[in-house]
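Just need the whole structure built from these sequences, with the hints factored in.
Protein chains in written order, with the UniProt record's numbering: chain A, 1 to 477; chain B, 1 to 477; chain C, 1 to 436; chain D, 1 to 436.
Hints are computed from structural coordinates only; laboratory data are not their basis.
Ideal Cβ placement from N, Cα and C applies to all residues, glycine included.
It is possible that some hints are incorrect.
Just so you have them, the derived chain A footprint on chain C, three or more residues with Cβ under 8 Å [to be verified]:
#1 3 to 14
#2 146 to 158
#3 192 to 204
#4 319 to 326
#5 336 to 349
#6 383 to 393
As a list, the in silico DSS-like pairs of lysine-lysine whose alpha-carbon atoms are at most 27 Å apart [unchecked claim]:
#7 Lys176/B <-> Lys150/D
#8 Lys56/B <-> Lys301/D
#9 Lys56/B <-> Lys194/B
#10 Lys305/B <-> Lys436/A
#11 Lys169/C <-> Lys152/C
#12 Lys38/C <-> Lys29/A
#13 Lys56/A <-> Lys56/B
#14 Lys176/A <-> Lys185/C
#15 Lys29/A <-> Lys169/C
#16 Lys56/A <-> Lys55/B
#17 Lys357/A <-> Lys335/A
#18 Lys169/C <-> Lys282/A
#19 Lys176/A <-> Lys201/C
#20 Lys29/A <-> Lys348/C
#21 Lys62/C <-> Lys335/A
#22 Lys395/D <-> Lys62/C
#23 Lys17/C <-> Lys6/B
#24 Lys436/B <-> Lys38/D
#25 Lys6/B <-> Lys355/A
#26 Lys301/D <-> Lys6/B
#27 Lys367/C <-> Lys319/C
#28 Lys109/A <-> Lys150/D
#29 Lys423/D <-> Lys434/D
#30 Lys297/A <-> Lys395/C
#31 Lys169/C <-> Lys152/A
#32 Lys194/A <-> Lys348/C
#33 Lys169/D <-> Lys305/B
#34 Lys201/C <-> Lys152/A
#35 Lys195/C <-> Lys153/C
#36 Lys436/B <-> Lys17/C
#37 Lys305/B <-> Lys56/B
#38 Lys217/A <-> Lys185/C
#39 Lys6/A <-> Lys55/A
#40 Lys25/A <-> Lys371/C
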Amino acid sequence: MLVFEKSRAGRGMSMLPACDVEIKKPSEKDARQKELHLPQMSENDLSRHYTELAKKSHGVNDGFYPLGSCTMKYNPKINEDMAALPGFTQIHPLQPEHSVQGCLEVLKKSEEYLCEITGMDGMTFQPAAGAHGEFTGLMLIKAYHESRGDEKRTKIIVPDSAHGTNPASAAMAGYKVVSIASAPDGGVDLEGLKAACGEDTAGLMLTNPNTVGLFDKNILKITEIVHECGGLCYYDGANLNAVMGTVRPGDMGFDVIHLNLHKTFSTPHGGGGPGSGPVGCKSMLLQFLPSYRVVEKEGALAMEKAEHSIGEMKEFYGNFLVVVKALTYLMTLGKEGIPEASQNAVLNANYMMNKLKDLYTMAYDEVCMHEFVMSLEDLKKKAGVSAMDIAKGLLDNGIHPPTMYFPLIVHEALMVEPTETESKEVLDHAIEVFRKLYNDALENPESLLQAPVTTPVTRMDEVEAARHPVLKYEFES
Amino acid sequence: MLVFEKSRAGRGMSMLPACDVEIKKPSEKDARQKELHLPQMSENDLSRHYTELAKKSHGVNDGFYPLGSCTMKYNPKINEDMAALPGFTQIHPLQPEHSVQGCLEVLKKSEEYLCEITGMDGMTFQPAAGAHGEFTGLMLIKAYHESRGDEKRTKIIVPDSAHGTNPASAAMAGYKVVSIASAPDGGVDLEGLKAACGEDTAGLMLTNPNTVGLFDKNILKITEIVHECGGLCYYDGANLNAVMGTVRPGDMGFDVIHLNLHKTFSTPHGGGGPGSGPVGCKSMLLQFLPSYRVVEKEGALAMEKAEHSIGEMKEFYGNFLVVVKALTYLMTLGKEGIPEASQNAVLNANYMMNKLKDLYTMAYDEVCMHEFVMSLEDLKKKAGVSAMDIAKGLLDNGIHPPTMYFPLIVHEALMVEPTETESKEVLDHAIEVFRKLYNDALENPESLLQAPVTTPVTRMDEVEAARHPVLKYEFES
Amino acid sequence: MGSYVPNTLEERQEMLKEIGYNSIDDLFAHIPEEVKIKGGLNIPEGKSELEVRREMENIASKNQVFKTIFRGAGAYRHFIPSIVNSVISKENLLTAYTPYQAEISQGILQSIFEYQTMICDLTGMDVSNACVYDGAEAAAEGVAMCQERKRKKAFISAAILPDAMSTIKTYCHGNGMEIVEIPEKDGVTDLDYLKEHIDDKTACVYIQHPNYYGNLEDAQAIGEVAHGAGAKYIMGVNPISLGIIKTPAEYGADVAVGDGQPLGLPLGFGGPYLGFMAATEGMMRKLPGRIVGQTEDHNGKIGYVLTLQAREQHIRREKASSNICSNQALCALAVGVYMSAMGSEGIKEAALQSTSKAHYLAAELDKIGFKVENKGEFFHEFVTVSEKCPCEALKALEEHGILGGYPLGNHRVLWCCTEMNTKEEMDEVVRILKEV
Amino acid sequence: MGSYVPNTLEERQEMLKEIGYNSIDDLFAHIPEEVKIKGGLNIPEGKSELEVRREMENIASKNQVFKTIFRGAGAYRHFIPSIVNSVISKENLLTAYTPYQAEISQGILQSIFEYQTMICDLTGMDVSNACVYDGAEAAAEGVAMCQERKRKKAFISAAILPDAMSTIKTYCHGNGMEIVEIPEKDGVTDLDYLKEHIDDKTACVYIQHPNYYGNLEDAQAIGEVAHGAGAKYIMGVNPISLGIIKTPAEYGADVAVGDGQPLGLPLGFGGPYLGFMAATEGMMRKLPGRIVGQTEDHNGKIGYVLTLQAREQHIRREKASSNICSNQALCALAVGVYMSAMGSEGIKEAALQSTSKAHYLAAELDKIGFKVENKGEFFHEFVTVSEKCPCEALKALEEHGILGGYPLGNHRVLWCCTEMNTKEEMDEVVRILKEV
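What follows is the structure in structure tokens.
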């Protein structure tokens, strides 16, 4: 039942005292005319409403969540406590600098950690999410070429295995997208790349390890090819959890990177956000960064604007409280913990892959990084059970499904990312469920076509939802 | 699965830094020999363990909880926030007085509010729960008689409808319990009381409204009879939610009272505690109070011990953080809110009772206070369905059962206390469910004998549990 | 060192052995040696929870928490009911991903559907998306969604939040739209300038209402000018103000955007906040970001799903209406809880008290030489101008634990009041300022 | 006025009408007029949430929060992992009643069963109850449960927490047991006195270990004396110390009690804390309070229930082993989370660091004239004696945000260290004291 259906005229909670100054109302000309229909609830009813909604939701805390390319790792409790400190939550973004030295220290320390981890020279925390970071990074590339009077660079090269945000971000930055096909091994096809590169190339956007979970062995060659034609290299940090502490994008030849603090650095996804997508870059791009960077000045921390800033990407300094959570995590893991996390993410993925590959067809049968992609094309042909059906079968077993139908270059794809915070028992249990579902698919396909049956609702009619959109509750009056 | 079964040797969380001083171990003679078997868990596994346990629990926040005599009202969120303020949680109980003025103010303000509500002259917050308060109150009565050299008063009169804690507390205080039968109308039988009273009477313990939910119309007469024989009158505050703001125990002739802050004043029950059972008394008993009272001295607040204190009932000053929650509630409701709460508790109870009484037999068919008692004796005879079976049927409908088989003077009793924080819709739904179950009992009794079927476990074998007690997990080593 | 990896060294070895490897290094063997880090990362060693807590608390203590705040300028301290944080701390909601798997995400989806309804109710618009990053970014997305093949010019009022102006410019530098700043005149948008310069290449006109200086614009007239030229009309609004001030719909806007921070989100040194976006029915498919719709499951049970995904990046890639993927979902949840807890009456009251207190403070400051610049109606912000630089005055307030208004240059201060400010506090400000 | 009543005035009227009444007063008509309050309660009017929050925060701010604490004496500041509060804030656990309805209380029941197991593991005893109010009350209940028809005398060491001594006396004044205080000699229980006075009327001997002064007692020997006289042996123990110090079982105790506060509960100005009680198998049915046992449901599924209820007040009334009803369940949950988060190694480490730091501080204080009185082994508390009154010294520490030891009279101070105290802090104490 919607909160509006639970609302009763005249109910409510007592939040504010009576006004202690003379009441000033807006003039008739500017006074609101339409009545408001916000819920009128007792606190008990409202609280129970959200208790109910929470019961119909599923988070990492409820169980295994191997959602490929999303890095659904455990969200440590201390992160939340630190981000809830009044010394952070109650700070106005426009307080005088001397009164926000703690906030500036958070940004400075986070930049130091993350620049060292990525091999970059500086970083902005303004971008609010990964896609926002991509757009920011591309605007830096744009500013770079413009600053050199290099106006002809109008194209961004994007592999066909990329996340949809990559081409979308390039388009927002006003670039034409050149899509290049992947090599049979899932990596960048060097010849294709060379052919695409030219004096109109602004840059390349790459995810490495790529979206099929493989580290591109030609990585140095790739960035070299792009640099040779005058383009810059953009690193999509979505998969950093696979390699942090082992390799650094900066050392692989990348000039700009965005990170997803809500993936790699353990801040929760919150049902879709807020995330944080800081963008790091090499020194020649620092002058273009948006927002402020924190610098030391006369023994105190100060905010400094870049000389040729691309301008703001949003208000203030980014999703600051999310950065607090990530810094807490960085300080906790530190020098040894960062590589330990990625090593175990990779181990867990390879363990699961190897324990499933006799049944499920792996898109690429080699060592994977932190995630792997299976193709259910065969199974679909054999049994009429699709990747979607297997995914829905997992729901009935308390496991969140892998990412479905991505990357687009693999048919009937399921992309599995266990993360390092899952134990062997959890993986073994999931392996067992996956194997059982495979057998179910062969022996009793109908059971999967009907799945899920244990969830609050069964499969939804998405076509109808899009065809006749009902996007809000209609009030009677 | 128990947490111990999820434990794996070598796992764990990193809580403490290395020791920064020389390590000092106890000598061999006093060194622990037996190995510890505490869980070894990752934070993710531990966190999910308790997520699981929480899912197998049911609180007020999950739905209607009409548990008679327990006053399961809504627990406001602001109470929890206030009790979590570092300015309260991080205060050592033995700090100098000038550094705990805020804590003392909490105790002082709470005493002022509660003394006015109960009509008492002073209060101690040391008792940790209702039963602890009862024992405290009886020790005050004992001290009173002893201080007068009145050694012959060895008996406490308790009606047979009383909570079990009443006679148990009297026994702990070294009193012999004189149980008096209730009058047919559920109240105190005046003649029986007179007969029981004598020069060996230390006092009377009474709940009013009583445990069948009725206000004793003879209340002034009752306390007068006890006083006349030289006894004191103890008020069990369990049912204060019915009358606060309308009558005051002090005005009814009571000399001592305990309150249940976790019932009447909205602090949560926590799965069985912590509660808080402050004890208030009339002026002649103040000199015997345990712990400290807060007084004003030279413009500051100070702690003062009673001259002839009965001694401590526990450490320090009681469940202080629970008192913080109750004070938050008291301040929120205030002068008009306190009677409003009790009026609506009574209205809700009468509403439900009247909507059920054509089907269910009410133990006393008159205006009830904040709760009412039904007897299912007839139904049991007719259909073989007991109070227990109806209770279990409620579980399958998402409603917490009423208190079962209490008070003892009503057979097959179900005692329903809706509280004031439930809306008409919630009551109407519950009424519907109760009526449906009644019909089920007649038409399909088997369905109730098997209930519940939707819960994590079905009915438990309690006999076996008590006969062959398994009270802990047995480790293998 | 802290670690969230459950498996012990032995278990890792066991797992490796089971899948035919000797060491973890084997799994990284295919990575070219020359890019591998030599000698480890140059960052501090990991720390125990006790140390991290101690260090973070120490860092937080270096910030000054003001008990009393009269500063807004884009971030507003309103009352946040306890129930808001209680709800958003629920881990099933906090630790979930974007609700792609509708069957186990009905709680989150329903909360977004409710949020969309409330935003529509508040703004009077037909449709709302599930939120974007913040008010400034919502403004930029709003301008972008009005772009048409033959209309690539956007008129932006100069009297808007500077960060919003800058963000719009950044986005437009990306998507190729031309920005024309409509100058400010007497604290409001210069309507004459707009009338004079608007043309048939104009995609949209954007104003903020109340504007950066707290003033109400002649919002109806501006909309008429925009529509007269065939352009869309976008209003950036303060959501609290909508409790008592005309809705964008009532002023004739096609798109309404704003920052949801005043609706239950803490100041948090600037974020996370939330950008809300609502539009007329006709612009529904141009909205960026997630949208939740109602539908039925296979058994006919009502439920909710992410819908109209054909607009989005994961389907349309470079042809998407925006690249947005993660938004500020948990903030939208907080906003939903806030609006439910306050209710219609609560929001109205917050609005009424905010503006009433601002008018009281303005009058009092005016009396002591901080002359109020605002000429027409203003909501809960206003600008004072004084002969002397206000730096001394603001410093004096700071020393009393009061964050005064936001200095605009050397003589002007932008003040803000909300329902959190008491008369007592305001009288204290006046007393302190008199003494300076 | 704040209110948590959902029903509006109209709804109340409607409900009254439906059941045949005109007004709420009708429902109270049977209450004698002469006892009714005239003119309402004399308490302040109700307040909005904003006002209540403001006032309570203001009250809390009148307390001084010490960053550094060297005071114990019954309340100890140990590290509390973040996960502890995260778990006990879950509302299904927080807002539930005592788990009488086992079918919907398996989570709470299992958590208690786990708690009981951990307490048994920590103390080495056979059975544990589900907790009582706190350490002092647990001691009093422990003494009471040893009473036998012909044994009504209890020997109590004078070297225990004063509140525990007082509580034991109060309880014994109620139940009629005679208390004999065993004097303290050189900071420990006078064994010779006990040997001399114990007799066949003695029900039990109670000591605290480590005792009030931090000293380890000759616990083995005391137990042998007790048992030699046919009496029960009760030990009050600090649970953290059990990480490294012999268990009560190893010393031969029949009953072990203590305060669980060090295991994850905040100082909280003295409560809520938790009293744990464990005993040998033979004394199982004498334990007061709730006990959870494992059993099966009708389908053979393992589950948990409240058991051995024949001991309890709601069944046995005046013949119950105790009157306890509500206990400190949520605190027991916190203790369970704490012990799981710390694990065996964590508890050992906390114990080891606490004692190591106490020995460091003792040595340093001894050097500067605060002579350490403790003669034998001590755990994490110790007593210094100085010629001058320590009041000046403690005040100086206070001014630096340090809560020093607890003054015992005019020359002695009882100090405490835990893993929370750094060497740096201790060196600062010494530096400050030197200057006084």
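Against the structure, the hints come out as follows:
no. : hint                  : result
1   : 3 to 14               : holds (count 8)
2   : 146 to 158            : violated (count 0)
3   : 192 to 204            : violated (count 0)
4   : 319 to 326            : holds (count 7)
5   : 336 to 349            : holds (count 13)
6   : 383 to 393            : violated (count 0)
7   : Lys176/B <-> Lys150/D : holds, 19 Å
8   : Lys56/B <-> Lys301/D  : holds, 14 Å
9   : Lys56/B <-> Lys194/B  : violated, 50 Å
10  : Lys305/B <-> Lys436/A : violated, 70 Å
11  : Lys169/C <-> Lys152/C : holds, 13 Å
12  : Lys38/C <-> Lys29/A   : violated, 70 Å
13  : Lys56/A <-> Lys56/B   : holds, 15 Å
14  : Lys176/A <-> Lys185/C : violated, 40 Å
15  : Lys29/A <-> Lys169/C  : violated, 32 Å
16  : Lys56/A <-> Lys55/B   : holds, 12 Å
17  : Lys357/A <-> Lys335/A : violated, 34 Å
18  : Lys169/C <-> Lys282/A : holds, 24 Å
19  : Lys176/A <-> Lys201/C : holds, 23 Å
20  : Lys29/A <-> Lys348/C  : holds, 17 Å
21  : Lys62/C <-> Lys335/A  : holds, 26 Å
22  : Lys395/D <-> Lys62/C  : holds, 26 Å
23  : Lys17/C <-> Lys6/B    : holds, 23 Å
24  : Lys436/B <-> Lys38/D  : violated, 44 Å
25  : Lys6/B <-> Lys355/A   : holds, 22 Å
26  : Lys301/D <-> Lys6/B   : holds, 19 Å
27  : Lys367/C <-> Lys319/C : violated, 57 Å
28  : Lys109/A <-> Lys150/D : violated, 70 Å
29  : Lys423/D <-> Lys434/D : holds, 16 Å
30  : Lys297/A <-> Lys395/C : holds, 21 Å
31  : Lys169/C <-> Lys152/A : holds, 22 Å
32  : Lys194/A <-> Lys348/C : violated, 62 Å
33  : Lys169/D <-> Lys305/B : holds, 17 Å
34  : Lys201/C <-> Lys152/A : holds, 26 Å
35  : Lys195/C <-> Lys153/C : holds, 14 Å
36  : Lys436/B <-> Lys17/C  : violated, 61 Å
37  : Lys305/B <-> Lys56/B  : violated, 45 Å
38  : Lys217/A <-> Lys185/C : violated, 61 Å
39  : Lys6/A <-> Lys55/A    : holds, 18 Å
40  : Lys25/A <-> Lys371/C  : holds, 22 Å
Hint violations for this structure: numbers 2, 3, 6, 9, 10, 12, 14, 15, 17, 24, 27, 28, 32, 36, 37, 38, all remaining hints satisfied.
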